[in-house]
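Participant: Whenever a hint applies, use it, and build me the whole structure from the sequences.
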Amino acid sequence: MAGDPAVKRTYAPRMAPDERREHLLDCALRVLGREGFYNVSIEAIAKEAGVSRPVVYDAYGGLEPLLNALLDRTQKRALRQVLAVLKDIGAPEDVDAWLVDGTTRVIVMMQEDPDVWRPILGLVRGAPREVRDRIEDTRKVVRRYLAAAIEAGLQLRGTVGLDADLVSHIVMAALEEFGRLVLEDPPQYENDRIIAALRSLLAAFGSPEE
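Take 0 as the starting number for the sequence shown in numbering that gives the first Met the number 0 and just add one per residue.
Calculated from the structure, these hints are not laboratory results.
This structure is a prediction, so every number in the text was calculated from the model and none was measured.
Errors might be hidden in some of the hints.
[Stated by the list, open to error] DSS-like cross-link-like pairs, simulated, lysine-lysine; straight-line CA separation at most 27 Å: (1) Lys86 - Lys75; (2) Lys139 - Lys75; (3) Lys86 - Lys139.
Facilitator: Right, here's the structure in full:
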């Protein structure tokens, strides 16, 4: 009796060059999130994409240019998402409500694109120095927006003597920790629980007396 025929490897469908490059970046990001920076390789990316290694080399020439392209794209995507939230919530006429609304939206944003946010939030092992530097550059941009908005909101509320720049650091740190909690342990840290705690914290500070 003849043996079973060999199972042929299934490859991804043909794509236009630009589409293939984007697809390979998507696959690299998934490998990175699942396996950590140290285990990202041409072979792992090719396997994730369902293509041969030469296809990856044809698209990017090697692992380093592929990872540089991934870093550029991820940084731009993350910054675009955060700035879109800040633009959407507008000026903080009520700074407490603004912080609650912004935090709610940022948490959902992170949940909707976890492959982008897990590396940024430090949930992926082995981030090299260049990645950490890019993340810090992105933080600085966002903190500048936060500081300006918080300062305007505090002035409208009549709060004086509070350093908006330092507050922006605190807010950024809280947002990042909230993101880590909802991505790492969503059953334990549901969105409603986090927002309720934030509301209570803001209420504990109180508003200035009229």
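Participant: Regarding the pair Lys86 and Lys75, is the alpha-carbon distance no greater than 27 Å?
Facilitator: Answer holds: Lys86 to Lys75 is near 16 Å, not above 27 Å.
Participant: Given the hinted pair Lys86 and Lys139, is their alpha-carbon gap at most 27 Å?
Facilitator: Holds - the C-alpha atoms of Lys139 and Lys86 are around 17 Å apart, at most 27 Å.
Participant: For Lys139 and Lys75, compute the direct alpha-carbon distance and say whether it is at most 27 Å.
Facilitator: holds, 14 Å
Violated hints: none; the structure is consistent with every hint.
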